[in-house]
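Chain A is already provided as a structure; the job is to place chain B with the ligand on it using the hints.
Below are the chains, spelled out letter by letter.
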Amino acid sequence: MNKGYEAVIGLEVHVELKTKTKIFCSCTTEFGGSPNTHVCPVCLGLPGVLPVINEKVVEFGVRTGLALNAKVPNYSKFDRKNYYYPDLTKNFQTSQFDLPICEHGFLDIEVDGIVKRIGITRAHMEEDAGKLVHSGKTISSSYSSNVDYNRVGVPLLEIVSDPDLRSSEEAKEYVDSLRRILTYIDISDCKMEEGSIRADANVSVRKIGASEFGIRTETKNLNSLKALQKAIEYEIERQIEVLEDGGVIEQETRTWDDEQGITLAMRSKADAHDYRYFPEPDLPPIILSDEYIEEVRASLPELPESRKKRLIEADGLSDYDANLIIADRHLADYYDQVRKEISDGKLIVNYLMGDYYRELGEAGLSFVTSPVKPEAFIELLQLILDKTISGKIAKEIIPIMIKEVKSPKSIVEEKGLVQISDSSELEGMILEVISNNPKAVEDYRAGKGNSIGFLVGQVMKASKGKANPALVNELLKKHLC
Amino acid sequence: MSKIREINTKLNSKEISAVELTTIYLDNLEKTSSIIGSYISTTKKEALAKAKMVDAQIAKGEEIGLLAGVPMGIKDNISTTGIETTCGSKILAGYKPIYNATVVERLYAAGGIILGKCNMDEFAMGSSNENSAYGIVKNPWDLTRVPGGSSGGSAATVAAREVVFSLGSDTGGSIRQPAGFCGVVGMKPTYGRVSRYGLIAYASSLDQIGPMANSVEDCAIVHDIISGYDRLDSTSANMKATSTLAALTKDIKGLKIGIPKEYFQGDEKVLATIRKALAKYEELGAIVEETSLPNTEYALAAYYIIASAEASSNLARFDGVRYGARDGSKKDVTEMMSGTRDKFFGQEVKKRIMIGTYALSSGYYDAYYLKALKARTILKRDFDQAFAKYDVLITPIAPTLPFKLGENIKDSITMYLGDICTVTINLVGIPGITIPCGFADGLPVGMQILGKPFSEELLFNVAHSFEQNTNYNSFKPEVAINE
Ligand SMILES: [Zn+2]
Chain A
1 MNKGYEAVIG LEVHVELKTK TKIFCSCTTE FGGSPNTHVC PVCLGLPGVL
51 PVINEKVVEF GVRTGLALNA KVPNYSKFDR KNYYYPDLTK NFQTSQFDLP
101 ICEHGFLDIE VDGIVKRIGI TRAHMEEDAG KLVHSGKTIS SSYSSNVDYN
151 RVGVPLLEIV SDPDLRSSEE AKEYVDSLRR ILTYIDISDC KMEEGSIRAD
201 ANVSVRKIGA SEFGIRTETK NLNSLKALQK AIEYEIERQI EVLEDGGVIE
251 QETRTWDDEQ GITLAMRSKA DAHDYRYFPE PDLPPIILSD EYIEEVRASL
301 PELPESRKKR LIEADGLSDY DANLIIADRH LADYYDQVRK EISDGKLIVN
351 YLMGDYYREL GEAGLSFVTS PVKPEAFIEL LQLILDKTIS GKIAKEIIPI
401 MIKEVKSPKS IVEEKGLVQI SDSSELEGMI LEVISNNPKA VEDYRAGKGN
451 SIGFLVGQVM KASKGKANPA LVNELLKKHL C
Chain B
1 MSKIREINTK LNSKEISAVE LTTIYLDNLE KTSSIIGSYI STTKKEALAK
51 AKMVDAQIAK GEEIGLLAGV PMGIKDNIST TGIETTCGSK ILAGYKPIYN
101 ATVVERLYAA GGIILGKCNM DEFAMGSSNE NSAYGIVKNP WDLTRVPGGS
151 SGGSAATVAA REVVFSLGSD TGGSIRQPAG FCGVVGMKPT YGRVSRYGLI
201 AYASSLDQIG PMANSVEDCA IVHDIISGYD RLDSTSANMK ATSTLAALTK
251 DIKGLKIGIP KEYFQGDEKV LATIRKALAK YEELGAIVEE TSLPNTEYAL
301 AAYYIIASAE ASSNLARFDG VRYGARDGSK KDVTEMMSGT RDKFFGQEVK
351 KRIMIGTYAL SSGYYDAYYL KALKARTILK RDFDQAFAKY DVLITPIAPT
401 LPFKLGENIK DSITMYLGDI CTVTINLVGI PGITIPCGFA DGLPVGMQIL
451 GKPFSEELLF NVAHSFEQNT NYNSFKPEVA INE
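Residue numbers (the working numbering), protein chains in the order written: chain A, 1 to 481; chain B, 1 to 483.
Misleading hints may appear alongside valid ones.
[Stated by the list, open to error] Lysine-lysine pairs mimicking BS3-like chemistry, simulated, CA-CA at most 30 Å apart:
no.: 1; chain 1: A; residue 1: Lys77; chain 2: B; residue 2: Lys371
no.: 2; chain 1: B; residue 1: Lys343; chain 2: A; residue 2: Lys131
no.: 3; chain 1: B; residue 1: Lys374; chain 2: A; residue 2: Lys71
no.: 4; chain 1: A; residue 1: Lys18; chain 2: A; residue 2: Lys191
no.: 5; chain 1: A; residue 1: Lys269; chain 2: B; residue 2: Lys331
no.: 6; chain 1: B; residue 1: Lys96; chain 2: A; residue 2: Lys131
By construction, these hints were calculated from the structure, which means they are not laboratory data.
Just chain B, same shape as in the assembly:
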């Protein structure tokens, strides 16, 4: 029972109560999360209270929504009233927000049951979830390997069936890459599709919240609930809500798929799995052609400059003055502020703050930040040209299989190069979905499907048709207890 419709049917028919279901999930989560490290905090009290409300609704004979009573995990950089929200950082230890993120408000209103706050790389900076101040997360498929990052906890908890779905955030691949590494479905919507209000910013012009689940349909259900205009987020798109769920029935005959050659470099096992998936698409009536995104080589540098620049400013507010941790050993306010930041920020965060500060400094701004913005414009043009010819683009989600814990953590460059398939998508603001498309060496391989801005309906449908004609999402890791 780990799909939304299944749960909905059983709750409606009173085969199981929301409290019973929540209790089972909480018990199993306790067992497996201690192995995987998927959570920073769990919220048993809130979960049971919310489950009771759903049961009361059912008892009164009220119709419940699809998400009512469905267990979920929320990445720990998304604000939840009264529930500690740390961003994976010691600097926010003990910080309990006084307001809910818009996405949380919407999920609560839909009856979603929060089981806890998912582990993550500190301030969403990382690709392996080894940068969390609250312990590493292990890949449920192989406990010696990384789950990907930064939404490593959100991906692992879904893969391990601890929750039915989770929310992650994606700044340079942080939903899609861990989804790929953990063999789950993860969607990064178009920039502006989902409100960022309450998401603790890493890089404001790149961040986007999105759903992760074990099926395309579940991901679509959650997407439809969290997306849509929010007046509290000036960058949220003021356009009519769409139903990606309703779009899942369409077939894909005649669909034109572009294969950008620049993305097909890396582990041959990964590439072979993707090619097999593409053959499946051809079998289903799609037209697959190789294409090019010629300026891809500028993406990584542009990404690390822009993201770090914005982060250096976004993270300035963590100074010990108003909330979170404080270095109490200092007598002077300036010393207290820098002491707090020195003591409680992790190494990777400090590194990116320094990169960003440098890139924005007078005398360097033009050479770095401004140039990165120009690269961003050029990259957008690449995609505009590709989408003039193709409906979607398909790429691997990473050049490698999930790597070993500790393998890349000392080597930033190798770690950053692993983001080659994902960062460009945030720079150009388009939507991208990852779905499992096979296994290699017993590890999941993820395929990324990209579309024009606000083409989520199409992306979900393209992903769905593949899923319906394969069975990769029916496998689950041994560690998982729930069905």
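Okay, chain A solo, but in the shape it has when bound:
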């Protein structure tokens, strides 16, 4: 398949920052809204206006830099990237060129159990552009286009990786890890469907063992992880084929056509823009003190990788379970809160990711929107641990906790679900089950050990699930021997 080639991939990920207001004015960043309603003279680039930096954007840039193990310099600045396009209001984009908010970081990803360190070249702040709304399907088939400037000035962070990725799986894992970190540090929603995170892929191939890079292409318009993976795979195969046929790779920008499942040439290097970057004269440089940077560092939450390590090493969770918990910052925080009171991590995971997760799904809720507070969940697990209720009863209680938003204790009391752990109370039921099931009793006595399970089940049924199953087991054995 790969004919002795390996792929070299670097990703440029654009992340929309979840600040309340735009990067250079006080307009809302809210998604939607009628066209051209979230605008003001500044983001419309009217003659004479000046930008004022939203300090939150800088803070988010610093958070990201620190979370990605990058250097955050004390001095950085904005530059103008000049090009003409009607979705820009000034015909330049205010961005960062040679002195970005952070540089030289890394991110560890794990593919097939192997951890790999991916370098982060840099991350820089910039403003988003507007949206062209064509009358037809494409610009060339349209007789007119309108432009909506609501998105102009929404803050973006462009995170550029080193060319360290070698496969589409690694690329996917990289975006996934990045997304997880960014949601952990709460700077973006990272919703690919809403475009709040977008990726461009730089792909080249070379013979295995070669030290030089091949000529690369840049593929844009990757709106989902699936598209990212498919586009990279397509590009790798296409490039190998071209080279095997004795051709050369054109350095060009390509676009992913999701319907056809192929990449298409968009712009060759010769047509590439000369952006004529120069320092933005309307914005003073960004000067960050060491104290400020340390303050931001101190405010960062524990990041996914370190949490995972803790869950495995301190709580004894499996790699699989730990991955489930850290996948979502809210879930991980929830787990940690419960874990403060309940020392058995495995028990927490079993209930959190088992019945509770399933019931949430059925109720159309998620961990974030669930009404069940960690305190209630702790109470539930404590009832199980002190044997007040059985696991079976816990399963009954969970949906009620979600639907009626009641504490487990009050549900147990209301419905009289307390587990029967008093052997005298159970004796009668056990004797009745023994006399009613002579076949099973005979089987057991004949050495078929597993028929005891059936008998336990019968007792549980008779007790309406309230019997303590361990105790039932013990009493049955006593009576049958």
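Chain B with the ligand in isolation, oriented as in the chain A frame:
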């Protein structure tokens, strides 16, 4: 009645109403501006409405500020809500801003009466006001000569007593040089002293708004109102407001004046007038010494590269998509954008956009733009060294007297060389004031006083003491009607 305090007294004593005063000014402005060409648009309706508000205040017995009821002209690159703001360009024909520049907000709040938008070189690019798409401006002292530029309208209208003061903008001398050519006082404050919010940018790192008037005191009054921190301009200096007006009483005994020899080249008549003025300063107790700003020769090139580079980007937004003129003959958006720019930008603007685009292009950036930035740093050092020894520096405002209309317009190099005395000041960001210091061949000669960053109080005082001991600002051109 063309000084601020005079008007204030007469309004307060009800000798005249603001509406009456405004009407007189509007009538006279109509007569003379048609000769001089000082305005692109006049704002009679707004002026009378604002004058009525001042009269209402006076009628209620409220105390009015010094600027209340005072007629003013605003350069046409400063945004005024609902009032056409063209920058002297066809590309902005019909464009009415939806917001006021910060300086306009402050002047309105102080009760200033806007009479119109002053003519200017297109996008403030020019030194003779011959680049306006709305006609040339003539020097009120000699109608065959240029008023200077780019704030030619703002200077001429003050010289012709059509208004009491005006606002100009100065990117490479655009306030100071026309002030000198028209015999009025013009101040370019320190970069960052006055908010640029609403000033349609030519070169963002050099542009600064400033006042022009017939006396140092009037200029100081306006300066104090328009200056000060503005959160809408990130380059505006966040420092305590100063009262240059209050500083006007100080004497200048012992003041150390440096005379940079590199600036004393050109028309001997101009230089002789300046030397006479310097002798006056010595008479007043100042110490005058020759000094040097050795790297002056790099200033012009650095200026034209930096200003054009920034302009090429600042002017990119004028593309016919959102406002202003549009070339409607094109079917395709890209063609429409370039067609609009080709059709509605003037020759000088196109030239500077091309220079700037070239200077920023990959492969040329280091050789031009980066080198120009280095020159800027070297020039700053020159001035730091000079100001370590001297309180102020004094130079001519231009190497020549106001030249004839049409004389230099075909010769860019001669025109650009005329900016030799002014552009460096913008590159280093310091304040500079021009005051009339005499006449030669019946034409005014302007003297430029320069100081350290944020030394406006000192500059106004140095200018004031000269003015108080001479009478050059009591002359007015024949064309002027108002006293
Ligand atoms: Zn806005």
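Comparing the hints with the structure gives:
1. Lys77(A) x Lys371(B): Holds, because 19 Å separates the two Cα atoms, which is no more than 30 Å.
2. Lys343(B) x Lys131(A): 27 Å, holds
3. Lys374(B) x Lys71(A): Holds. Lys374(B) to Lys71(A) sits at ~28 Å (cutoff 30 Å).
4. Lys18(A) x Lys191(A): Given pair Lys18(A), Lys191(A) holds - Cα atoms ~11 Å apart, limit 30 Å.
5. Lys269(A) x Lys331(B): 27 Å, holds
6. Lys96(B) x Lys131(A): Holds, at roughly 25 Å.
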